Amino acid sequence: MKKRLTYLYFRKIFSDSYSEKELVQIFRAIKRMDDESKSWVVAWIEGEGYPDVTVEKVDIRFLVNECKFKPLNAFIILDWLKKQPEYAKYCLQRYTPGSGIPASELEKIRNGNNTVITDSFDAGNEYIEF
Amino acid sequence: MFETVVAVIAMSIAFGLMKVLVDKWKFRKTMPREAMVQMNSTDEEMIAVSKNIIREFFGSDIYETVRCMKNTERIDLMARFANRLAKEYGLDTDIDVDIYELENCGRYIFSENKAVFNISLLMVDKNNKYFEYCVQEVIETIFHELRHAVQWKAVNSNDSRNFDEETLKAWSDNFFGNYIDPDVDFSGYSKQPVEADAMTFAAQIMEGVA
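First to last, the sequence lines map onto chains A and B. The opening position of the first sequence corresponds to residue 1 in the numbering used here, with each subsequent residue numbered one higher. The opening position of the second sequence corresponds to residue 1001 in the numbering used here, with each subsequent residue numbered one higher.
Just to be clear, a hint being listed does not mean it is correct.
To be verified - Incomplete in silico selection of chain A near chain B, CB under 10 Å:
| no. | residue |
| --- | --- |
| 1 | 32 |
| 2 | 56 |
| 3 | 57 |
| 4 | 58 |
| 5 | 79 |
| 6 | 80 |
| 7 | 84 |
| 8 | 97 |
| 9 | 105 |
Stated by the list, open to error - Straight line, CA to CA, 27 Å or less: simulated DSS-like cross-link-like pairs of lysine-lysine:
| no. | chain 1 | residue 1 | chain 2 | residue 2 |
| --- | --- | --- | --- | --- |
| 10 | A | 38 | A | 2 |
| 11 | B | 1019 | A | 82 |
| 12 | B | 1026 | B | 1126 |
| 13 | A | 57 | B | 1129 |
| 14 | A | 83 | B | 1029 |
| 15 | B | 1024 | A | 38 |
| 16 | A | 70 | B | 1126 |
| 17 | A | 57 | B | 1169 |
| 18 | B | 1169 | A | 31 |
| 19 | A | 31 | A | 70 |
| 20 | B | 1191 | A | 83 |
| 21 | B | 1191 | A | 108 |
| 22 | A | 82 | A | 108 |
| 23 | A | 70 | B | 1024 |
| 24 | B | 1129 | B | 1029 |
| 25 | B | 1169 | B | 1019 |
| 26 | A | 57 | B | 1024 |
| 27 | A | 68 | B | 1129 |
| 28 | B | 1191 | A | 21 |
| 29 | B | 1114 | B | 1169 |
| 30 | B | 1169 | A | 108 |
| 31 | A | 83 | B | 1129 |
What the hints assert, rightly or not - Using C-beta positions, here's what the derived DEER-type ranges look like:
| no. | chain 1 | residue 1 | chain 2 | residue 2 | range |
| --- | --- | --- | --- | --- | --- |
| 32 | A | 122 | B | 1166 | 24 to 30 Å |
| 33 | A | 107 | B | 1087 | 26 to 32 Å |
| 34 | B | 1070 | A | 120 | 36 to 42 Å |
| 35 | A | 102 | B | 1048 | 48 to 54 Å |
| 36 | A | 129 | B | 1164 | 35 to 41 Å |
| 37 | A | 107 | B | 1158 | 43 to 49 Å |
| 38 | A | 12 | B | 1060 | 58 to 64 Å |
| 39 | B | 1071 | A | 125 | 54 to 60 Å |
| 40 | B | 1127 | A | 120 | 55 to 61 Å |
None of these hints come from the bench; they were simulated from the model. Because the structure is a prediction, the values reported are computed rather than measured. Glycine is no exception: its CB is placed at the ideal position from the N, C-alpha and C atoms.
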């Protein structure tokens, strides 16, 4: 029988670390993972620790401890390395902390008119099956 | 002396993670063709012109040209190179070349229409085994950030340069609503419209020239 991780439970656990918009982005990314990767995330959320698995010579501990990615981001990256290894490696080699458009800059260019695009994300009914 | 020390520290921070990943996967990866987004005919022209400007500034061997220069000459060259590109792209963007930035290799500040390039990676010794990697990274970053300036101009003016409505809407939605931070979802960050386009543009210019 399949188990479910609901968005509401996920939000309850991680709401101190991420904004609502970021939580939706991460939840969607986890939903796109293959079943094996999803099971790693859920096991970690349930307190079982990081999986002892290496993809393209990289594991979660390396991504978290040396690359300084947050754990959920590290799981997303590990799943990406499985699916598109060359693309993921190209992007990772070019990554430096602080890349991307800073939130403060996004705030300025939006001039207070944030168009939060949620693409009909129904928080109360979203779940991940694994 | 103090400035040199700060630049070396900045270089080692910016370089630290990249070095680890270059070592881990043996060599610098190129962007896979299947991951690239479609460039339009105007983009193709910009890419061809950009390749010519690289030759104009660096000759036939980019690495040797930079290798023979002193640090001050490298900084000057990169500043002139970035300004030349901005002019060619029809941008009135301010260009600032910095060697003290501790975090990233470059950024475009949308609210100020300013591109800041951290070229501390160019302070690397000419005999360093990662020398070519550093030079390539700095140049590719200049193209990447200037492409953001082009996107921003296209979204905010009537000068949409042949970009189709679908592309402009995707960029606009991305800037104004659903931008993904690399520290939140690095995969989503890399694949979102404005970043995938800037990566593709820079990667296609670098193909065959570095």
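Verification of the supplied hints:
1. 32: Since the shortest Cβ distance to chain B is 9 Å, the answer is holds.
2. 56: holds, 7 Å
3. 57: holds, 5 Å
4. 58: holds, 7 Å
5. 79: Result: holds, 8 Å to nearest chain B Cβ.
6. 80: Nearest chain B Cβ about 4 Å off; hint holds.
7. 84: Where the cut-off is 10 Å and the nearest Cβ of chain B is about 7 Å from residue 84 (chain A), the hint holds.
8. 97: holds, 6 Å
9. 105: holds, 6 Å
10. A:38 - A:2: holds, 12 Å
11. B:1019 - A:82: holds, 22 Å
12. B:1026 - B:1126: With a Cα-Cα distance of about 20 Å, the restraint between residue 1026 (chain B) and residue 1126 (chain B) holds, given a limit of 27 Å.
13. A:57 - B:1129: holds, 22 Å
14. A:83 - B:1029: holds, 16 Å
15. B:1024 - A:38: The given pair, whose Cα atoms are some 26 Å apart, holds under the 27 Å limit.
16. A:70 - B:1126: violated, 35 Å
17. A:57 - B:1169: Measuring from Cα to Cα gives roughly 38 Å; hence the hint is violated.
18. B:1169 - A:31: Since the Cα atoms of residue 1169 (chain B) and residue 31 (chain A) sit roughly 25 Å apart, the hinted pair holds (cutoff 27 Å).
19. A:31 - A:70: Roughly 18 Å separates the two Cα atoms, so the pair holds.
20. B:1191 - A:83: At roughly 14 Å apart (the allowed maximum being 27 Å), residue 83 (chain A) and residue 1191 (chain B) satisfy the hint.
21. B:1191 - A:108: holds, 23 Å
22. A:82 - A:108: Violated. Residue 82 (chain A) to residue 108 (chain A) sits at ~37 Å, over the 27 Å cutoff.
23. A:70 - B:1024: holds, 20 Å
24. B:1129 - B:1029: holds, 16 Å
25. B:1169 - B:1019: Not OK: residue 1169 (chain B) and residue 1019 (chain B) at ~37 Å, beyond 27 Å, violated.
26. A:57 - B:1024: Holds: residue 57 (chain A) and residue 1024 (chain B) sit about 7 Å apart, inside 27 Å.
27. A:68 - B:1129: Status holds; Cα separation ~25 Å.
28. B:1191 - A:21: holds, 17 Å
29. B:1114 - B:1169: holds, 23 Å
30. B:1169 - A:108: holds, 19 Å
31. A:83 - B:1129: It is violated: about 31 Å lies between the C-alpha atoms, which goes past 27 Å.
32. A:122 - B:1166: 24 to 30 Å: At 26 Å between Cβs, range holds.
33. A:107 - B:1087: 26 to 32 Å: Distance hint for residue 107 (chain A), residue 1087 (chain B) holds at roughly 30 Å.
34. B:1070 - A:120: 36 to 42 Å: For residue 1070 (chain B) and residue 120 (chain A) the Cβ distance comes to about 58 Å; the hint is violated.
35. A:102 - B:1048: 48 to 54 Å: Hint violated: Cβ distance 33 Å, outside 48 to 54 Å.
36. A:129 - B:1164: 35 to 41 Å: holds, 37 Å
37. A:107 - B:1158: 43 to 49 Å: violated, 26 Å
38. A:12 - B:1060: 58 to 64 Å: The hinted range 58 to 64 Å holds for residue 12 (chain A) and residue 1060 (chain B), with Cβ atoms some 60 Å apart.
39. B:1071 - A:125: 54 to 60 Å: holds, 58 Å
40. B:1127 - A:120: 55 to 61 Å: Cβ of residue 1127 (chain B) to Cβ of residue 120 (chain A): about 57 Å, so the range 55 to 61 Å holds.
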